[in-house]
Amino acid sequence: MSAPFIWILLPLIVGGSSLVITRERLATIVGGATSIILAGAALIIPIDEALSFGSFSLKISSSIQIFGRNLTLDSTEAPLLAILFGVAALWFLGAESIGVARRLTPLGLIIIGLLVASVAVQPFLYAALLIELSVLVAVPLLSPPDQTPSRGVIHFLIYQTLGMPFILIAGWLSAGVDASPGDLALTIQSTTMLGLGFAFLLAVFPLYNWIPLLMEESSPYIVGFLLWLLPTVTSILSMSFLDRYAWLRTSAEVTGALRVAGLLMVVTGGVWMAFQRHLGRMMAFAAVAETGFILLALSLDPALGLPIIFLLLIPRGLGLGVWALSLSVFDLNIESIRFPSVRGMARAYPLAAAGLILSALSTAGFPLLAGFPPRLALWNSLAQQSLGTAFWLLVGILGLSAGAIRMLAVLVMADEKTAWASKESWAQRGMLGVGMIGLFILGLFPQAANPILDKLPLMFQHLGH
Amino acid sequence: MLIAVVSWTVVAALLITSSGLILNRDWRWEIGFLAAQYAGVFWLVFQHWPLGMAAAKLVGGWMAAASLGMTLLNLPQQPEPIEKYWTQGRTFYLFMIGMATLLAVATAPLIESILPGIGIPVVVGAILLIAMGLLQLGTTTQVLRVILGLLTTLSGFEILYAAMEGSSLVAALLVVVNLGLGLVGAYLLTISAEEKTA
Numbered sequence: 004m005s006a007p008f009i010w011i012l013l014p015l016i017v018g019g020s021s022l023v024i025t026r027e028r029l030a031t032i033v034g035g036a037t038s039i040i041l042a043g044a045a046l047i048i049p050i051d052e053a054l055s056f057g058s059f060s061l062k063i064s065s066s067i068q069i070f071g072r073n074l075t076l077d078s079t080e081a082p083l084l085a086i087l088f089g090v091a092a093l094w095f096l097g098a099e100s101i102g103v104a105r106r107l108t109p110l111g112l113i114i115i116g117l118l119v120a121s122v123a124v125q126p127f128l129y130a131a132l133l134i135e136l137s138v139l140v141a142v143p144l145l146s147p148p149d150q151t152p153s154r155g156v157i158h159f160l161i162y163q164t165l166g167m168p169f170i171l172i173a174g175w176l177s178a179g180v181d182a183s184p185g186d187l188a189l190t191i192q193s194t195t196m197l198g199l200g201f202a203f204l205l206a207v208f209p210l211y212n213w214i215p216l217l218m219e220e221s222s223p224y225i226v227g228f229l230l231w232l233l234p235t236v237t238s239i240l241s242m243s244f245l246d247r248y249a250w251l252r253t254s255a256e257v258t259g260a261l262r263v264a265g266l267l268m269v270v271t272g273g274v275w276m277a278f279q280r281h282l283g284r285m286m287a288f289a290a291v292a293e294t295g296f297i298l299l300a301l302s303l304d305p306a307l308g309l310p311i312i313f314l315l316l317i318p319r320g321l322g323l324g325v326w327a328l329s330l331s332v333f334d335l336n337i338e339s340i341r342f343p344s345v346r347g348m349a350r351a352y353p354l355a356a357a358g359l360i361l362s363a364l365s366t367a368g369f370p371l372l373a374g375f376p377p378r379l380a381l382w383n384s385l386a387q388q389s390l391g392t393a394f395w396l397l398v399g400i401l402g403l404s405a406g407a408i409r410m411l412a413v414l415v416m417a418d419e420k421t422a423w424a425s426k427e428s429w430a431q432r433g434m435l436g437v438g439m440i441g442l443f444i445l446g447l448f449p450q451a452a453n454p455i456l457d458k459l460p461l462m463f464q465h466l467g468h
Numbered sequence: 003m004l005i006a007v008v009s010w011t012v013v014a015a016l017l018i019t020s021s022g023l024i025l026n027r028d029w030r031w032e033i034g035f036l037a038a039q040y041a042g043v044f045w046l047v048f049q050h051w052p053l054g055m056a057a058a059k060l061v062g063g064w065m066a067a068a069s070l071g072m073t074l075l076n077l078p079q080q081p082e083p084i085e086k087y088w089t090q091g092r093t094f095y096l097f098m099i100g101m102a103t104l105l106a107v108a109t110a111p112l113i114e115s116i117l118p119g120i121g122i123p124v125v126v127g128a129i130l131l132i133a134m135g136l137l138q139l140g141t142t143t144q145v146l147r148v149i150l151g152l153l154t155t156l157s158g159f160e161i162l163y164a165a166m167e168g169s170s171l172v173a174a175l176l177v178v179v180n181l182g183l184g185l186v187g188a189y190l191l192t193i194s195a196e197e198k199t200a
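Line by line, the protein sequences are chains E and W.
Using this note's numbering, the final residue of the first sequence is 468, and nothing's skipped along the way.
Using this note's numbering, the final residue of the second sequence is 200, and nothing's skipped along the way.
Check before you lean on any hint, since a few could be wrong.
Unchecked claim - Beta-carbon label-pair distances, calculated as ranges: (1) E:Ala386 x W:Asn26: 56 to 64 Å; (2) W:Ala14 x E:Glu256: 39 to 47 Å; (3) W:Leu77 x E:Pro147: 13 to 21 Å; (4) E:Gln387 x W:Gly22: 56 to 64 Å; (5) E:Thr151 x W:Gly91: 25 to 33 Å; (6) E:Pro148 x W:Leu75: 14 to 22 Å; (7) E:Gly391 x W:Arg27: 48 to 56 Å; (8) W:Arg27 x E:Pro343: 36 to 44 Å; (9) E:Gly391 x W:Gly54: 35 to 43 Å; (10) W:Met65 x E:Ile191: 52 to 60 Å; (11) W:Thr11 x E:Glu256: 40 to 48 Å; (12) E:Asn336 x W:Arg30: 44 to 52 Å; (13) E:Pro126 x W:Ala15: 30 to 38 Å; (14) W:Gly54 x E:Glu256: 41 to 49 Å.
What the hints assert, rightly or not - A few chain E positions that, by computed beta-carbon distances, are all more than 12 Å from chain W: (15) Phe59; (16) Arg72; (17) Leu74; (18) Arg154; (19) Arg262.
Unchecked claim - If the Cβ cut is set under 8 Å, some of the chain E residues that face chain W in the computed set are: (20) Leu46; (21) Leu139; (22) Pro148; (23) Gln150; (24) Ser153.
I should point out that these hints are in silico values taken from the structure, not numbers from a laboratory.
For each residue, glycine too, the CB sits at the ideal point set by N, CA and C.
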């Protein structure tokens, strides 16, 4: 038995097998249970250490070999696996309440399996190929058989596919720079390739036009799932590059480029969100800003930035999950999720409205909510290095806050005589309730996640030490 | 010498196939051009990879072309929609193809200096396909043309990457990516047609 078999092949097998499931409830149970078991196993089962049960002994080896290359998941990667599968479990469990479990469970498990393989593959730059495969699997998820492929899906496919060649070539050039660090031309070529590759994969400004398009045209829940998962794993890949190549880690130009890209994403995401009149597009720009926060944290000294990046991971997954679920409740029950249609809907769907507002406020870093501790830490660290950067971060956060307040205003703008009701189903209420409580718990007790987050930097040989 | 002559002939053939993919409006010709293009890609990749690995690329590409062809064969015939935002004039496309060819020829020596020993015909073929693919992607939103553009761009990249990396895992994954793009294209074409006929 090996770790890649458990956390890569097993989700692929279960995902593939669950394509034949026709019942929403069963798909939810399969997806949720598989993810919970795999998250629990990542926390409990030691990798590369003998596990004894009386006279019976079991050892989970860390690698398997495919085509002469290794897929390795060692004990330092276990916390990341626990987070990925743990947050995925919440997404799978929420899928039934809005009727997308039969689509999300099989393809979602396959995507997670491929993305975990991208974390495990050695050399790490082959990860770009596995991320591309997961993008291909995501296309049928975004474009169901009863829906014409939208422009957003086409743009998503083009941009994500174009990212892969740049990353692969950058990996090859980076090895050359490592061998001859004085070669300025090669360094510039490598950095440019790397920058373009990650700009496509992380949808860095101005390459994010597919995100609002998708949020308008596809299921918000499914787009939300991909907006959580893909940038999270791509960020890990970007950290692997920084960890592997000393010249990248120590380059002031790379740090500067990351900071400018991050600020552009936070500011444009925040300001655009403030001016939207479509709830889906608002979430899209908030997701853009979320990626910007990760890039800003990457631009910090690793000792400061790495813990902030990991602190951002769980609130990001939870916040986007609650937001996407709330949005899907409106999307299912109301003609349109534009402002005129959702006006006053807080009286008919109070929990979904609360979910939308709380997750938007959490993204804006509102105190007491999950997004607050990482944003405070990020802001503090940036302010120590550059007050200008901290100011522009404030502009982005003000944009996000303005968007959240506009959303609140529109949702509660009902006629006084309108009666209060709760039209959400019990399953929707349950999942939204759990999600919102989670947002408060992570906001009030951010240290609750420390046992997992503390060990995450050990994944990286140089960044984490 | 003979290999160089064959390689330049293949580059010329790639110019014809990639131009054909942009200019032609009949899907049968497009699939034919794509299949022929993979034969050219095979030859240029074969300059750096063993026969077996290069052949895997050829077979993978042909399978992608076949999946698109089989899908289109079973779909009702519909006139190609007119692009809203781009000119349809052949003169424009011919001009752009000329620019792409010029770009490939002009940048080849520079890339050859970064990758010594790769061979000028290989670089010209690769850059030509990348430029033609991007030209295709930049001027359309139709599913078939987008997939053909992506496959063409990736083919160009794969020719270049074959000179850098000889790993079997990479070769296998790139074949799967090509095949996956073909299948995704087939899926998207099917659901587009179902929506139109509904």
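Hint-by-hint comparison with the structure:
1. E:Ala386 x W:Asn26: 56 to 64 Å: 58 Å, holds
2. W:Ala14 x E:Glu256: 39 to 47 Å: 41 Å, holds
3. W:Leu77 x E:Pro147: 13 to 21 Å: Between Leu77 (chain W) and Pro147 (chain E), where Cβ atoms are some 18 Å apart, the hint holds.
4. E:Gln387 x W:Gly22: 56 to 64 Å: 59 Å, holds
5. E:Thr151 x W:Gly91: 25 to 33 Å: 27 Å, holds
6. E:Pro148 x W:Leu75: 14 to 22 Å: 19 Å, holds
7. E:Gly391 x W:Arg27: 48 to 56 Å: The hinted range 48 to 56 Å holds for Gly391 (chain E) and Arg27 (chain W), with Cβ atoms some 53 Å apart.
8. W:Arg27 x E:Pro343: 36 to 44 Å: Taking Cβ atoms as reference, Arg27 (chain W) and Pro343 (chain E) lie about 42 Å apart, which means the hint holds.
9. E:Gly391 x W:Gly54: 35 to 43 Å: 57 Å, violated
10. W:Met65 x E:Ile191: 52 to 60 Å: With a Cβ separation near 39 Å, Met65 (chain W) and Ile191 (chain E) fall outside 52 to 60 Å, so the hint is violated.
11. W:Thr11 x E:Glu256: 40 to 48 Å: Hint holds: Cβ distance 43 Å, inside 40 to 48 Å.
12. E:Asn336 x W:Arg30: 44 to 52 Å: 46 Å, holds
13. E:Pro126 x W:Ala15: 30 to 38 Å: 34 Å, holds
14. W:Gly54 x E:Glu256: 41 to 49 Å: Once the Cβ atoms are compared, 42 Å apart, the range 41 to 49 Å for Glu256 (chain E) and Gly54 (chain W) holds.
15. Phe59: Consistent with the label, Phe59 (chain E) stays out of reach of chain W, its closest Cβ about 35 Å off (over 12 Å).
16. Arg72: With a cut-off of 12 Å, Arg72 (chain E) comes too close to chain W, as the shortest Cβ separation is near 4 Å.
17. Leu74: At roughly 10 Å from the nearest Cβ of chain W, Leu74 (chain E) sits no farther out than 12 Å, so the non-interface label is violated.
18. Arg154: 6 Å, violated
19. Arg262: 29 Å, holds
20. Leu46: 30 Å, violated
21. Leu139: 4 Å, holds
22. Pro148: 5 Å, holds
23. Gln150: Hint holds; Gln150 (chain E) Cβ to chain W Cβ min 7 Å, cut 8 Å.
24. Ser153: Given a least distance of 10 Å, the restraint on Ser153 (chain E) is violated.
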